[in-house]
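Taking the hints into account, I'd like the entire structure generated from these sequences.
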Amino acid sequence: MKKQRRKFILMVVIMIGLLLTSFQATAETTIGEITILQTNPQPGSTITISVNVSGETPSQVNVFVEECSNKTGICFSDTQNVTMPNIGSDTYQVNVRLRHEEATNFTCRVFATTSSGIIHSAIKTVLMYKEPTDGNQSDHNGTDGKKTPGFEMILFSIAVGLSLIIVLRKRFR
Amino acid sequence: MMMKNIVKCVPVFFICFVLLFIGWFSGCTENKITYMEDIPFTALDGQIRHLSEFSGKVLLLDLMGVNCQPCALQMMQLIKVSENYSSDQVAILSIDVWVASGENAELLQKYITAFHDQVGVDLNWTFGLDDVNGSIEKVYASTGVPTLYIFDKKGNIYYSHVGYEEYSSIAIKLDEILKKG
Chain A
1 MKKQRRKFIL
11 MVVIMIGLLL
21 TSFQATAETT
31 IGEITILQTN
41 PQPGSTITIS
51 VNVSGETPSQ
61 VNVFVEECSN
71 KTGICFSDTQ
81 NVTMPNIGSD
91 TYQVNVRLRH
101 EEATNFTCRV
111 FATTSSGIIH
121 SAIKTVLMYK
131 EPTDGNQSDH
141 NGTDGKKTPG
151 FEMILFSIAV
161 GLSLIIVLRK
171 RFR
Chain B
1001 MMMKNIVKCV
1011 PVFFICFVLL
1021 FIGWFSGCTE
1031 NKITYMEDIP
1041 FTALDGQIRH
1051 LSEFSGKVLL
1061 LDLMGVNCQP
1071 CALQMMQLIK
1081 VSENYSSDQV
1091 AILSIDVWVA
1101 SGENAELLQK
1111 YITAFHDQVG
1121 VDLNWTFGLD
1131 DVNGSIEKVY
1141 ASTGVPTLYI
1151 FDKKGNIYYS
1161 HVGYEEYSSI
1171 AIKLDEILKK
1181 G
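Top to bottom, those sequences are chains A and B. The first sequence lines up with residues 1 to 173 when you count with our numbering. The second sequence lines up with residues 1001 to 1181 when you count with our numbering.
If you are wondering where the hints come from, they were derived from the structure by calculation, not from laboratory data. Heads up, the beta-carbon is just placed ideally off N, CA and C, and yes, glycines get one too. Please note that the accuracy of each hint is not assured.
[Unchecked claim] Sample of chain A residues with no beta-carbon within 10 Å of chain B, all distances over it, derived:
#1 43
#2 57
#3 114
[To be verified] Result set (DSS-like, lysine-lysine): computed pairs, CA atoms no more than 30 Å apart in a straight line:
#4 1153/B with 1138/B
#5 1138/B with 71/A
#6 1080/B with 1180/B
#7 1154/B with 1179/B
#8 1180/B with 1153/B
#9 1110/B with 1057/B
#10 71/A with 1173/B
#11 1110/B with 124/A
#12 124/A with 1138/B
#13 1080/B with 1057/B
#14 1080/B with 71/A
#15 1153/B with 1179/B
#16 1179/B with 1110/B
#17 1154/B with 1080/B
#18 1154/B with 1173/B
#19 1110/B with 1180/B
#20 1173/B with 1057/B
#21 71/A with 1110/B
Shown next, in the form of structure tokens:
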């Protein structure tokens, strides 16, 4: 009787173990909250995106980064699709350089490719606050927003230079 | 002698000025489309449709993304267009061009339903999706979304705007083109 009870208990334990193992094997992949490691990301800066993916280990984890400008009411089309490497345990992390100086916010969405398909995270929107420079409103060229010739001026200078050389050479012959 | 030298230099000057002007204008020109390129799109019911189906009507083409905030604001302006212009006069077509970023028919349908449930308005015009290669986005919305186009009845591009656009500005352009017939 005791032997039978032991056998029964052993079978139940094995069954529970098998059941738990199967649960683990088919555990649904869940993507945790997306974290941006920088506290105040700036337009044009490099951001670090981190996310936890639990359950079945995905074959690939990607993040889509879309930059938008609320000033001009546009979301730029050059969406970045970056693969996130696993940096240990269930954490996936990647550095992404933001492309648009005029962007006021960006959104991130993580996609995990698993055996049961592609699973996506909730969207994370991050507002960016650009520190005003000390009363200097000029753009990067220091042109105060006025368009000045660049490439054209180089060609023009070459033209003038060549002409001068030709004239001088002829004159001193 | 001096005069001869100057005359000899004229071709050099000419070549340099040609180079200068090529350089000048190369930065100003864009590969702008002027006529409707008949690219197919997938309607919400899964059917493949074409932009040319709208010829004979003024077409307001809205390139958008479900997760694009300015596009949601643009929808509110398009609602005003649908309220003030009959569908016989102006056809509205919104195409989600963020399919390559994971958006799909299900998300787009949820978006339309959310406008109905949460805002209390019906987006009662045609909606569609770009393909995964972003064929429509590459031609019509290469800068970003929302991007609006107004095509005349023959398919010529009458107006385009990148970024959010107020109803009043859209209405001015629509009135202009409707007057022209």
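Verification of the supplied hints:
Separation of residue 43/A from chain B is adequate, the least Cβ-Cβ distance of about 15 Å exceeding the 10 Å criterion. The beta carbon of residue 57/A is kept farther than 10 Å from every beta carbon of chain B, the shortest such distance being approximately 21 Å. The beta carbon of residue 114/A is kept farther than 10 Å from every beta carbon of chain B, the shortest such distance being approximately 15 Å. For the hint pairing residue 1153/B with residue 1138/B, the CA-to-CA distance comes to about 23 Å; that is within 30 Å, so the pair holds.
Among the hinted pairs, residue 1138/B with residue 71/A is consistent with the structure: their alpha-carbon atoms are about 23 Å apart, no more than 30 Å. The hinted pair formed by residue 1080/B and residue 1180/B meets the criterion: a straight-line CA distance of about 22 Å does not exceed 30 Å. Restraint check: the Cα-Cα separation between residue 1154/B and residue 1179/B comes to about 15 Å, which is no more than 30 Å; the hinted pair holds. Under the criterion of a C-alpha separation no larger than 30 Å, the hint pairing residue 1180/B with residue 1153/B is consistent with the structure, at around 10 Å.
For the hint linking residue 1110/B to residue 1057/B, the alpha-carbon distance of about 28 Å falls within 30 Å, and the restraint holds. For a cut-off of 30 Å, the pair hint linking residue 71/A to residue 1173/B stands: about 23 Å separates their Cα positions. Distance check on the hinted pair: residue 1110/B and residue 124/A sit about 19 Å apart at the alpha-carbon level, within 30 Å; holds. Taking the CA atoms of residue 124/A and residue 1138/B, the gap is near 26 Å; set against the 30 Å cutoff, the hint holds.
The suggested pairing of residue 1080/B with residue 1057/B holds, with an alpha-carbon distance near 18 Å, which does not exceed 30 Å. For the hint pairing residue 1080/B with residue 71/A, the CA-to-CA distance comes to about 22 Å; that is within 30 Å, so the pair holds. Taken as a hint, the residue 1153/B and residue 1179/B pair is honoured in the structure, with Cα atoms around 12 Å apart against an allowance of 30 Å. Using a Cα cut-off of 30 Å, the hinted pair residue 1179/B and residue 1110/B is violated, with the two alpha carbons roughly 37 Å apart.
Simply put, residue 1154/B and residue 1080/B have alpha-carbon atoms about 24 Å apart, close enough for the 30 Å limit, and the pair holds. Annotation: proposed proximity of residue 1154/B to residue 1173/B holds, straight-line Cα distance about 16 Å (limit 30 Å). Between residue 1110/B and residue 1180/B the alpha-carbon distance is near 38 Å, which puts this suggested pair outside the 30 Å criterion. Restraint check: the Cα-Cα separation between residue 1173/B and residue 1057/B comes to about 14 Å, which is no more than 30 Å; the hinted pair holds.
At roughly 27 Å between alpha-carbon atoms, residue 71/A and residue 1110/B fall within 30 Å of each other, so this suggested pair holds.
Of the numbered hints listed earlier, those contradicted by the structure are 16, 19.
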